[in-house]
Every structure is written in structure tokens, then in C-alpha cells.
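Peer 1: Below, each chain spelled out in residue letters.
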Amino acid sequence: NRWRKLRFLLLFNRQGKLRLQKWFVPTSDRERKKVIRDMIMLVLPRQPRTCNFLRWKDLKIVYKRYASLYFCAGLEEQDNELLALEVLHRYVELLDKYFGNVCELDIIFNFEKAYFILDEFLMGGEVLETSKFAVNVSMEQADTLQE
Amino acid sequence: MPAPIRLRELIRTIRTARTQAEEREMIQKECAAIRSSFREEDNTYRCRNVAKLLYMHMLGYPAHFGQLECLKLIASQKFTDKRIGYLGAMLLLDERQDVHLLMTNCIKNDLNHSTQYVQGLALCTLGCMGSSEMCRDLAGEVEKLLKTSNSYLRKKAALCAVHVIRKVPELMEMFLPATKNLLSEKNHGVLHTSVVLLTEMCERSPDMLAHFRKLVPQLVRILKNLIMSGYSPEHDVSGISDPFLQVRILRLLRILGKSDDDSSEAMNDILAQVATNTETSKNVGNAILYETVLTIMDIKSESGLRVLAINILGRFLLNNDKNIRYVALTSLLKTVQTDHNAVQRHRSTIVDCLKDLDVSIKRRAMELSFALVNGNNIRGMMKELLYFLDSCDPEFKADCASGVFLAAEKYAPSKRWHIDTIMRVLTTAGSYVRDDSVPNLIQLITNSVEMHAYTVQRLYKALLDDISQQPLVQVASWCIGEYGDLLVSGQCEEEEPIQVTEDEVLDVLEGLLVSNLSTPVTRGYSLTAIMKLSTRFSSVNRIKKVVSIYGSSIDVELQQRAVEYNALFKKYDHMRPALLERMPIMEKTASNGPTEIVQTNGETEPSTVEAKHPPPVTQPTNQANDLLDLLGGNDVVPVIQTTIPTKPASAGGELLDLLGDLSLSGGPAPAPAPSVPTSQPPFLLDGLTSQPLFNDIAAAGIPSMTAYNKNGLKIDFTFERANPNPNIAVITIHATNSTEAEMTDFVFQAAVPKTFQLQLLSPSSNLVPALNQGTVTQVIRVLNPQKQQLRMRIKLTYTHKGSAVQDLAEVNNFPPQSWQ
Numbered sequence: 001n002r003w004r005k006l007r008f009l010l011l012f013n014r015q016g017k018l019r020l021q022k023w024f025v026p027t028s029d030r031e032r033k034k035v036i037r038d039m040i041m042l043v044l045p046r047q048p049r050t051c052n053f054l055r056w057k058d059l060k061i062v063y064k065r066y067a068s069l070y071f072c073a074g075l076e077e078q079d080n081e082l083l084a085l086e087v088l089h090r091y092v093e094l095l096d097k098y099f100g101n102v103c104e105l106d107i108i109f110n111f112e113k114a115y116f117i118l119d120e121f122l123m124g125g126e127v128l129e130t131s132k133f134a135v136n137v138s139m140e141q142a143d144t145l146q147e
Numbered sequence: 001m002p003a004p005i006r007l008r009e010l011i012r013t014i015r016t017a018r019t020q021a022e023e024r025e026m027i028q029k030e031c032a033a034i035r036s037s038f039r040e041e042d043n044t045y046r047c048r049n050v051a052k053l054l055y056m057h058m059l060g061y062p063a064h065f066g067q068l069e070c071l072k073l074i075a076s077q078k079f080t081d082k083r084i085g086y087l088g089a090m091l092l093l094d095e096r097q098d099v100h101l102l103m104t105n106c107i108k109n110d111l112n113h114s115t116q117y118v119q120g121l122a123l124c125t126l127g128c129m130g131s132s133e134m135c136r137d138l139a140g141e142v143e144k145l146l147k148t149s150n151s152y153l154r155k156k157a158a159l160c161a162v163h164v165i166r167k168v169p170e171l172m173e174m175f176l177p178a179t180k181n182l183l184s185e186k187n188h189g190v191l192h193t194s195v196v197l198l199t200e201m202c203e204r205s206p207d208m209l210a211h212f213r214k215l216v217p218q219l220v221r222i223l224k225n226l227i228m229s230g231y232s233p234e235h236d237v238s239g240i241s242d243p244f245l246q247v248r249i250l251r252l253l254r255i256l257g258k259s260d261d262d263s264s265e266a267m268n269d270i271l272a273q274v275a276t277n278t279e280t281s282k283n284v285g286n287a288i289l290y291e292t293v294l295t296i297m298d299i300k301s302e303s304g305l306r307v308l309a310i311n312i313l314g315r316f317l318l319n320n321d322k323n324i325r326y327v328a329l330t331s332l333l334k335t336v337q338t339d340h341n342a343v344q345r346h347r348s349t350i351v352d353c354l355k356d357l358d359v360s361i362k363r364r365a366m367e368l369s370f371a372l373v374n375g376n377n378i379r380g381m382m383k384e385l386l387y388f389l390d391s392c393d394p395e396f397k398a399d400c401a402s403g404v405f406l407a408a409e410k411y412a413p414s415k416r417w418h419i420d421t422i423m424r425v426l427t428t429a430g431s432y433v434r435d436d437s438v439p440n441l442i443q444l445i446t447n448s449v450e451m452h453a454y455t456v457q458r459l460y461k462a463l464l465d466d467i468s469q470q471p472l473v474q475v476a477s478w479c480i481g482e483y484g485d486l487l488v489s490g491q492c493e494e495e496e497p498i499q500v501t502e503d504e505v506l507d508v509l510e511g512l513l514v515s516n517l518s519t520p521v522t523r524g525y526s527l528t529a530i531m532k533l534s535t536r537f538s539s540v541n542r543i544k545k546v547v548s549i550y551g552s553s554i555d556v557e558l559q560q561r562a563v564e565y566n567a568l569f570k571k572y573d574h575m576r577p578a579l580l581e582r583m584p585i586m587e588k589t590a591s592n593g594p595t596e597i598v599q600t601n602g603e604t605e606p607s608t609v610e611a612k613h614p615p616p617v618t619q620p621t622n623q624a625n626d627l628l629d630l631l632g633g634n635d636v637v638p639v640i641q642t643t644i645p646t647k648p649a650s651a652g653g654e655l656l657d658l659l660g661d662l663s664l665s666g667g668p669a670p671a672p673a674p675s676v677p678t679s680q681p682p683f684l685l686d687g688l689t690s691q692p693l694f695n696d697i698a699a700a701g702i703p704s705m706t707a708y709n710k711n712g713l714k715i716d717f718t719f720e721r722a723n724p725n726p727n728i729a730v731i732t733i734h735a736t737n738s739t740e741a742e743m744t745d746f747v748f749q750a751a752v753p754k755t756f757q758l759q760l761l762s763p764s765s766n767l768v769p770a771l772n773q774g775t776v777t778q779v780i781r782v783l784n785p786q787k788q789q790l791r792m793r794i795k796l797t798y799t800h801k802g803s804a805v806q807d808l809a810e811v812n813n814f815p816p817q818s819w820q
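Sequences listed follow chains A and B, in order. Position 11, counted from 1, in the first sequence is what full-length UniProt numbering calls 11; the numbers after and before it change by one each time, with no gaps. Position 386, counted from 1, in the second sequence is what full-length UniProt numbering calls 386; the numbers after and before it change by one each time, with no gaps.
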């Protein structure tokens, strides 16, 4: 049963506090909690200069640390890990462009915006928009509609 | 009623909590306030409250009471409400709740909204979590939007369509007309999502695949434009234009070119171009190269292109970036079977990766190194691998040791080299060697007749240095028991013979018996060795004394042996020389099976041999033919079996039989043969059970299953993955018998479809004891390179209550993890 290319995307900090969770496959609350726990346990102890890829169950885990936040994605077996790193990087760039020098606090206090930006970049585990500018243009325009 | 506090205010407050308890208290208070606000049906602040609820949900607190509120927000006219409502729905709801169906109508309306951002929200939510019913209801709307000229909506509709197809594959047809000119779009977002949609359709339907093959030239053109085009600030990533789109196109080309000569030819040039021109200094370029390599290897590319691909992987290995090295090793591992010679050229680079600091890389490099060992490079490779074994982390040692043994067995240039290699492994990683390598090594040593003296001498010397590594001690004890006479007579040709007396040898063996470092199994080995020396040494009295002392050992196993050996000295002394005679050469089972399995199947199962009886006859062919007849031939490969023993599984068993039939005076009677569970190792040939050498340390916990359960005979399958080849599944069958009568002459056979290859190793026994008192185990190795669904037909024959029973069964309930 081949599912989405990206199964999930998680953001958490060095203390294991979750800052964002996006699930691209139907996952129960219990299952989600378990995955989050496992990812935190797998990723946090990793040494600084090791490989960004891990194996976990039948998935490839790709993670990258940006300042105090870990960006962690679960990929299918056949997916391209090197490109996944680029996907994570692009998301960080989009956040940075929107918030201006984004840091963890921005994502804490504006988590809903972080989700909205993500939903303009990815959908169903696939990349939706490859242009660096289009996502921010959409966000700005949508923001003006807010009452 | 004061206005509910703002979201940011709440976040700030919660962050001031110093303990978990304090946080919980704040949250409970706020939740109570939110609940009463919901009860009052407050429209103004619903959005704010739901947003707060979502924040608390992220912290791990329950938020299900907000589900309906999300629906109310979605139904609102305000954009802010809708935004939060849809977000809440995606976070709190999924298709398991009935509530989510209530969204369908709202989504339908919003798909037709006048504002594209509202339409976008609806498409996103549907494309993220829409259930099959919702997809069925709304597919028409999605299809309409797929044909719009608004690129913002078109790209979202495309990915939404992908989701619809995944949920309801039958609906794929209806999107076909809309795909007509998707690729002529200029907008990259639409292009990218269109390629994803086309890929999904081609992967699901061979008809669609055939239909879309005509797009190959267009795809090639788009890719070419991306590569040749000038700088586009919008899509540029480190000098490369839209890498995401490039990779997706390469992937679609892979699918279209697979098994199709014309398509493969049409893409040949562009692949070569990408492979040679892409900048490799940054990760992004390597991501594209990686995808290109995968495509080249999968389609029907000409050999020059394939070599180019493997060379790219070889270059990756030299890259400073760990990620790239890791990816290269993984890919090379996949291609080493099919393009062996090309991968061989990069052997030295791969071997260098053994010294990498990164654990994941080291492991991949080790697996790949073993895959590359052959008769020509064995000496050099083994030097590197032994060095690795010396210095690697404990987590690698067991696998590495097993790999060294296998490789040495297959390619040893000389017996002396072989023994030396074994000695090296035993002395440097002796405690990590798998227990079941001990019998294999013993067999090896037995068969190297001219090396006996050399081997026993080296082992003896190793024991003098260190008796803590159990496998080493066990092999050494066994050898000293067998060849102790050569040791004391100083007959060694290969090196300077040592001077040692019988008493010194017995001192060492007795030392093992009393040492705290020795495990019970090791003690068993030493006692037996001492016993054997009674026919090889002249100090029989000393041996008799030792044996009688252990007749009252607390260790039941040791006690039983001692008592039986005592009996040998007393009543059966006339039999002793024959029973303790030198072991004959154990017949090596022929290395059957195709080369793919031979890689991990150096393991030879010693056939069951006993001092007096000839080795059993191998009878694979007629039985395989029988199975073929029954299965009607065409799609089935005959089972290639190792020996099917016609006698009980062990010489030890024979010995027990002999003693069990006769009454003994004095001491506790030894347990008669039938009630000894067949999975227990017998005495003289300890540990010769059929267990696989390779156990994946990180075994993914593949669930076991019951394959057959009829007439009291139950057969369970347990799974492991063979390392280093992930395409081989190692299945162990466990046969138990719940009836009152035992099942004798039990034979298990299996056959698999043509795309698999199967190998059966020797069973632990032919007798399945009654009333579940024991288990017969047997190992099956299945090679499944195409990762197809595993199916098997099994045939069981046995004798029960005097009559012969035969049964056939299909096994189809393999867990997906065993063959994926």
C-alpha cells in the first residue's frame, strides 16, 4: 500500500518540545504520539557531524538542525533523501522570508502561520510550489483578507 | 463575560509555568473557559478559542471537544475563521471520525467560492485528509478546477487529484482528459504538480503508462530547457534551475523508460547530459545526479551510460559530504548484484569508507565490502576486513565475524590461510562470534585433515593466553579432545612444534571446567574433550577421576554427561574406543542454489554423521519432482534442498539411544531418547542445529505467522532478514504436534513461484514429539529480488500412529514486512 512520499514533518527543539506536526497519512492520536517520541529519541542524541539520514521501521528519516529547531521528515523507501534535505531547506527559507530572520519564537507565537506557509509549499506529502517567491506572494495576499 | 484572552497572551502565560503541574493547571483553567465559551455559541471569539485549543493540542493536551467548533468555523463567511477552521480540521479530525463527513458540503461550497484563497483552503484540506466518500462526492469539482486557467488553483487541483486517485483508484479515468495539455504550462508549480499527477497515474495503471509514453519527448524538452536556461532568480538553487522539477521529471522518465527500448533510447542523451554537466559541489546538484543514476540503472540504458552512472556513485564516495557517501553506498549495494564488475572498480574507495567515523556509513561499507569479495581479491580484502574487525565498535563485530567466516570459506586460497583467518577472528573478536559458527568451524577443521596438528597447536596456544572468549574456548576444547594426541607428540609441520605433556593439556581442560569465565556449554565441551582423550592419552586414571567427580555436579547437563561417561568406563569399556574414535570427514552439503543466494549462503550444514554410520544419502531430485508434478509445473521452481537426513538428527541421539535401551546400575538413569526435546543440542555434536548465520541486528520485528494448522500439526513461520543481502528473507519453520502420538519421518518441503529462489536447510530432526513437547525447526532462505508478494506451497509427509500422512497447503498470509 504505497502511500505519500512524505509521511510526516515534525519540528521540535533540543528539549523535545514539539513546535509543529504535519501528517500526510491518516494517523491516530496514539500513533502520532509514538512517532513523535521515537523521532525525538532517535534524532536528539545524534552527534553534530554525522549523516542526516536514519532508518526507522520501513521509512527513511531525514533530519536537519536549524538553530534550536530540528526539522524531521519521514520518507518512503524509494524516495530521494538528498532532495528531501532541499525540501527542508526550502521550507526554512520560506519561513525566513515571511518572518524576517526567523527563529524558534516566531514559530511558537505564530504557529498557525507556519502551518499556512507549509500548506502553500507542500500538499499531500508532495511539493506544491517550486518558486521561491510565489509562496510568500500568496501568503501576503491571503493575509490581507484576514478581518 | 470578559473577552477570552488572546492567543499570544495565552502562549506567553503558559510559557511562564515553571513546572509541568503548573502548566497543566493553566491549561485546564483555559480549557474550562473555552468550553463555556463554546457552549454559549459565541461567534465572535470562536476563532480565537479554537486557535488556543490548537496550541494546547500541540503541547499534548486533549482537544477533541473542539472538533465541531472547527466545522462551524469552516462554515463561517469570514476568511480568518475559515483559515483556522480548516487548520483545526486537519489537525484534530481524520477519516476515522464521522464528524469529518459533515465537512463535505462546506468544502463543496468553498471549492466554488469567488475567492481563490478560499478555494485553495478547500482543495488543501480535501487533498490532505479527504476520505473515500468525500473524494467520490467531490471529484467532479476537483476535475473542473484542474482545467481552469488560474495556475494557483490548477496546481492545487492537480495534487488534490493525486489524493483522490490514491483513495479511489477507479476515479483515475475521469482525470484523463484534463491531463491533455498540462505539460504545456509555463508555470513551474503547475508543471511540477502535473508531473506528480502523471507519475501517480502511470504507476497505478499499465494502460495509462502506455498512453503517456508519448510524452517522453516533451518531458525531455522541458528538462533540457531547465538545464540550458539562464539564471532564473525565482527557481534558482545554487546555480541550478528548479531542482525539484528536474528530479520529478527524471523520476517520471524512469517509470516511462522501464522495460521500453524506444523510450529509453529517447532519453539517453538527456540523461548523459545531466550526468556530465550537473554541478556537484553542493547537495542540490548531487540530489539531481542521484536521481539520474537511479533512472539510468532502472531503464534499458546502454552499457556506456550504466558505467557512467556507477562512476558517478564512485565519485560520490570520495565526496566530503557524509550524506552523499551514505547515499552512494546504499545505491552501490543495490547494484552490486547486477553490475558487479563496474562496482568492483571502486573497491578500494569502498574499503576506505570502513575507516569513516560515521556509523551508518561504516555499516554500509562493511556490507558492500563483503559483497565484493571474490577469489581474486580475497587476500587483500580480508586484510582490510580483519583490521576493521579489530578496531570497529562492538555492534559490528558479530556481523563482521560472520561475514569473514563466510568469505573465507568460499574463497580461501589455502587451508592454512583459512585456519589462520579463523584463528585471527576467534582471538580478536572471539566473544562476538555467533554461537552457531562454532559447529561450522569444527566441521571445517575436521575436514582440513592435513592441518589438524597445526590447528590444535595454535588453538592450544591461544587458550594459554585467554580463556574468556567462549566460542574460541569451545572450538579449542573440541579440537584438543580430537587431536590431543597430535599435540603431545609434537607433529606439527607448519610451524615449530611445541613441547607439551599430557598432564599440561589436562590441566588446561580441567581449568576450563572450574573457571568462572566458562559457560555451561563450554564446560560441556571440555568434559567431553577430556573424555575423548581417554583413548588418546595414557593417563586414563586421571581422566576417570575427573569424570567421576563431575558425576555429582550441580549442573544437570554436566552431571548427566559425567554419569554416562562413567558408565562408558565401567560397563561399556569395550565400546569406548570405537565411540570415541576420531571423527570422520563430515560431508559438506553441496553449495546448491543460484549465485544470488550463494553470496550469503556459504553456510554448509554438516550432514548428520556418527562414528559408525555412513553419512545419509542426499535425495533432492525425486522429491523436488514430486512437488513439481503436484503443483503443475510452469510457474514453480523446484526446491533445492540440502541433505534430508534419513536418520535421527544427531550422533549424540544415537549414543543416547544406545544407552537408553539398556538398564544401568547405579546413578540416575539418563533420560531416554524420545522424551529429550529435539531442539536440544545433542552431546557429541553440540550446537549443530540449522540456524542461519546472519541475523539482522536491527531486525525490523517482522511478525511471525501460522502457516499450517491441521490434524494436530501446527507449523509457524518466524522471520529474519539476511544480512548483507536485504532481498533474502530467512524463515524458520517451527513444527509442533498436539496429538497424543508422535509424528515420525517428518519431512517438510516447499516451492515458490518462478521469480523467487528458495533454499531449504536441514531440519533439526524428523520426529515431532507428541503433546507439544518439542519443536522441529528448519530454515528456509528465500531470495526475492523483485520484492514480489511471497507465496509458497508446502508439502508435509509424516508417519502418525502407524500410517503415512501426506498433505499439501498454500501459504499466502505472509506479513508484508517479510517480502517488502
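It should be emphasised that the hints constitute simulated quantities derived from the structure, not laboratory data. Be a bit skeptical, because a hint or two may be false.
Said to hold, decoys possible - Which chain B residues face chain A? A few, computed with CB under 10 Å, are given here:
(1) M26
(2) L182
(3) S184
(4) V359
(5) V811
(6) N813
(7) P816
(8) Q817
Note that the coordinates shown come from a computational prediction; the quantities given were computed from them, not determined experimentally. We put the beta carbon where it would ideally sit given N, CA and C, even for glycine.
Peer 1: None of the hints should be skipped; say for each whether it holds.
Peer 2: So, going through the hints one by one against the coordinates:
1. M26: Hint on B/M26: violated, closest Cβ of chain A at ~16 Å, above 10 Å.
2. L182: Violated: closest Cβ of chain A sits about 15 Å from B/L182, beyond 10 Å.
3. S184: Violated: closest Cβ of chain A sits about 17 Å from B/S184, beyond 10 Å.
4. V359: 7 Å, holds
5. V811: 21 Å, violated
6. N813: 16 Å, violated
7. P816: 8 Å, holds
8. Q817: Holds, because the Cβ-Cβ distance from B/Q817 to chain A comes to roughly 7 Å (cut-off 10 Å).
Violated hints, in rising order: 1, 2, 3, 5 and 6; the structure is consistent with all others.
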